[in-house]
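Chains as they are written, first to last, in my numbering: chain H, 1064 to 1282; chain B, 319 to 596.
Note that these hints are calculated values from the structure, not bench results.
Do not take every clue at face value.
Computed footprint of chain B on chain H, listed as stretches where at least three residues anywhere in the stretch have a Cβ under 8 Å from a Cβ of chain B [as the list claims (entries may be wrong)]:
(1) 1100-1113
(2) 1159-1171
(3) 1256-1265
C-beta: ideal position from N, C-alpha, C; glycine also.
In case you want the letters, here they are:
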Amino acid sequence: MKKNLALRIASGLMLSCLLTSCVISGTFAKYTTADSANDSARVAKWGVTIDISNVQDTFAKKYDNAAILSGTKVVSTTDVIAPGTNGALGDVTIAGSPEVQVTVSYTITVDLTGTWADKDGNYYCPLTIDGKNGMSYKTVEEFEGALSKTVNTVVEVAQSLDISYGYTWAWEFETGADADEKAANNIKDTHLGNLAADGDASNDPTITFSISVTVEQND
Amino acid sequence: MARNERQEKDDGGLKALWTVLIALLTAALLLITVGVVALRIGNTLPEGVDIIFIVPKNPDFHVEDKDGVWEKQTQVDIFSSQYVNGENQTTVLSQNGDDIIAPGTVSTYKFCMYNDGNMAIAYDLGFSFTLTIDSVEKNASSFPLSLRMTRTDGKYVMGGEDKWVNLDAGKVGEYDGILGASSYEQFTLEIMWAFEGNDELDTALGNAAKNSSVDLKFQIQSYAEENGDSTVQGGVAISQDAIDYNEYEFGGTIRWELFAILLALLALCVLYIVIWRL
Chain H
1064 MKKNLALRIA
1074 SGLMLSCLLT
1084 SCVISGTFAK
1094 YTTADSANDS
1104 ARVAKWGVTI
1114 DISNVQDTFA
1124 KKYDNAAILS
1134 GTKVVSTTDV
1144 IAPGTNGALG
1154 DVTIAGSPEV
1164 QVTVSYTITV
1174 DLTGTWADKD
1184 GNYYCPLTID
1194 GKNGMSYKTV
1204 EEFEGALSKT
1214 VNTVVEVAQS
1224 LDISYGYTWA
1234 WEFETGADAD
1244 EKAANNIKDT
1254 HLGNLAADGD
1264 ASNDPTITFS
1274 ISVTVEQND
Chain B
319 MARNERQEKD
329 DGGLKALWTV
339 LIALLTAALL
349 LITVGVVALR
359 IGNTLPEGVD
369 IIFIVPKNPD
379 FHVEDKDGVW
389 EKQTQVDIFS
399 SQYVNGENQT
409 TVLSQNGDDI
419 IAPGTVSTYK
429 FCMYNDGNMA
439 IAYDLGFSFT
449 LTIDSVEKNA
459 SSFPLSLRMT
469 RTDGKYVMGG
479 EDKWVNLDAG
489 KVGEYDGILG
499 ASSYEQFTLE
509 IMWAFEGNDE
519 LDTALGNAAK
529 NSSVDLKFQI
539 QSYAEENGDS
549 TVQGGVAISQ
559 DAIDYNEYEF
569 GGTIRWELFA
579 ILLALLALCV
589 LYIVIWRL
């Protein structure tokens, strides 16, 4: 029987091809796929406006018709208050229709500096602010505490904002239950005026009013 | 005369051997060709068709949510027209029923990947968003949008219990993984507009929204391809019964036992002819 070396080599190569074919064939064809999804939302509306007026003009240098008698005037070179004068301490208007729940906060601060006392040094403040009479309190600090406050109000998301605040102040021309008390208070009012005119600025009875308003979204 | 007859007899036998050898070689080449073709076209073979020792690839991957299967640019339901806080108070409410988004809102979206095929799939998820005002895209690089995501077992695969992944506008957040044959994975994606972020920007957008259409579009892209190793496991088995992966026939694999038997038979035939008969 003849041995055919070439045929043996060819057969060996064919066997090798069989064994390797499965390896290389695995490199052909590759499955891929791609998809996508999306959604959109619009940004919730805010649009809240805060308008504060009459704060800069709370006090004035001149008051016409400052008392019950027409024609009476108060004239000064600086913002002053005097018996028979009155005014607004700030009007706040908050408006808008936000699509979120909010908390409306306003903080009012009233400072009474200088000397609010009669000639004997006893507390005396004849002002009426926000309906509160200064003479109903025993000390300046007590009156300040009653006036200064922070109020937080939650406004539900379905409600529109339509909020207004307004403060007023007044110094009655004459105060007192009877003629004697009126006369005594008039003397005290005059003393306050003398303190303002004595050239010593440190004892000038002074009132400072401030208001801040914020509207914030709740988490 | 006898020698001539013997010579003719030997020539006839040799011819027969050559014929058988060529037939065997042809059969071997046919097997190779069928195997190669099967692997090349295996992706399109009808399900269940087997090619001798090649297990065909039967890929079947899709993503779906409660409303149906994703396709190209499928509109899904991610955002809402109303959001409540931890005390069940409504804190955000659309005035006209549109889906809206606001600082502090968290939108939750669940979707599921299914690999019903017989081979492992490598997938990639991409997340992106755009911000437009009256349909004009705006630069929102500082928009405080962030994500986190859990999978079927509740484990966070993006972010964490107290951690969110920031997503910048125009860029793509990504997550990739492998889904084994006959497996699925459910994802729960949370998208948050941070409450404490950029108050000035938030307020500006809210004010702009009063008179203009300020819209955020969120997109999820999915890409999947067959994994190099079709036997890799990943995700949760679709079947309620546990799969014995030692017995499972993964697509694109060789039935080695059958292949080995065929190769052995071929080799024996060729060796017999080459060594003993030639």
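Evaluated hints:
Closer than 8 Å: that is the beta-carbon criterion, and the region 1100-1113 of chain H has 11 residues meeting it against chain B, so the requirement of 3 holds. Look at the region 1159-1171 of chain H against chain B: 5 of its residues bring a Cβ nearer than 8 Å to a Cβ of that chain, three or more, so the hint holds. Check result for the region 1256-1265 of chain H against chain B: violated, 0 residues qualifying (beta carbon to beta carbon below 8 Å, three or more required).
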